[in-house]
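> Sequence:
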Amino acid sequence: MAYSLVDCKNAFTDSLIRSQKIDDPYPLWQIDNVFPTEAVDELLDIKTKLTTMEYALGRREENNDKRGYFDVDRRRNVPACDTISNLFQDADTVQAIEEKFSIDLAGTYLRIEFSQDSDGFWLEPHTDLGVKKFTMLLGLSNDEEAHSWGSSIYRDKDTFHHNTPYKSNRAFVFVPSDNTWHGFNARTINGVRKGLIINYVTEEWRARHELSFPSNPIKK
Numbered sequence: 001m002a003y004s005l006v007d008c009k010n011a012f013t014d015s016l017i018r019s020q021k022i023d024d025p026y027p028l029w030q031i032d033n034v035f036p037t038e039a040v041d042e043l044l045d046i047k048t049k050l051t052t053m054e055y056a057l058g059r060r061e062e063n064n065d066k067r068g069y070f071d072v073d074r075r076r077n078v079p080a081c082d083t084i085s086n087l088f089q090d091a092d093t094v095q096a097i098e099e100k101f102s103i104d105l106a107g108t109y110l111r112i113e114f115s116q117d118s119d120g121f122w123l124e125p126h127t128d129l130g131v132k133k134f135t136m137l138l139g140l141s142n143d144e145e146a147h148s149w150g151s152s153i154y155r156d157k158d159t160f161h162h163n164t165p166y167k168s169n170r171a172f173v174f175v176p177s178d179n180t181w182h183g184f185n186a187r188t189i190n191g192v193r194k195g196l197i198i199n200y201v202t203e204e205w206r207a208r209h210e211l212s213f214p215s216n217p218i219k220k
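The UniProt record's numbering puts the first residue of the sequence shown at 1, with every later residue one more than the last.
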């Protein structure tokens, strides 16, 4: 591995400083160059079996048995997953996130999903309000047509606003509230839309096996 946790912390801190805030239809931050390039390359090279997903309901939970996480086992076996998990568990990183987005993450748990979406994928509009206290949607794919694979932003549950501009190593961040409507309106995906969904979730999160550090909540 040609990069360290310190390299990742420096890259992430710089990306927060240079982030762009969008206020319409709700506060949303675009963050570029989130990780060192070498880290993105290693994440893209993670060997996982692409299974056939069901896209009937437009909800990720309909494929719960096929989704992948930076859980304890993957952290143990994949160095890149362990480094990225430790980045977001790190006290300095947490403090930077709290100060940037005016939130308190004490007592929450880190959850990172490694998403792999293929043609036919769609997500109905939803807000993440509830047990999720922070959401970062980070694109990894650098396919030729990946620029059209951005998440869909909605003014309300029924009103489409725009698709975010997708780019490898670009993330969009929001603090879940009752108006943070987002999803993925159906469109062609020629390839695999790989990304990370990074959340801090409360103690009430039931699927403890998904958590990176299930016994270690974020501390002050």
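Hints should not be assumed to be uniformly reliable.
Computed list of lysine to any residue pairs in SDA-like fashion (alpha-carbon distance at most 20 Å, straight line) [said to hold, decoys possible]:
1. Lys9 to Arg75
2. Lys167 to Lys132
3. Lys132 to Leu28
4. Lys167 to Asn179
Rather than coming from a laboratory, the hints here were simulated on the basis of the structure.
> Compare the structure with the hints numbered earlier in the document and write down the numbers of the violated ones, lowest to highest.
Of the numbered hints, 2, 4 do not hold.
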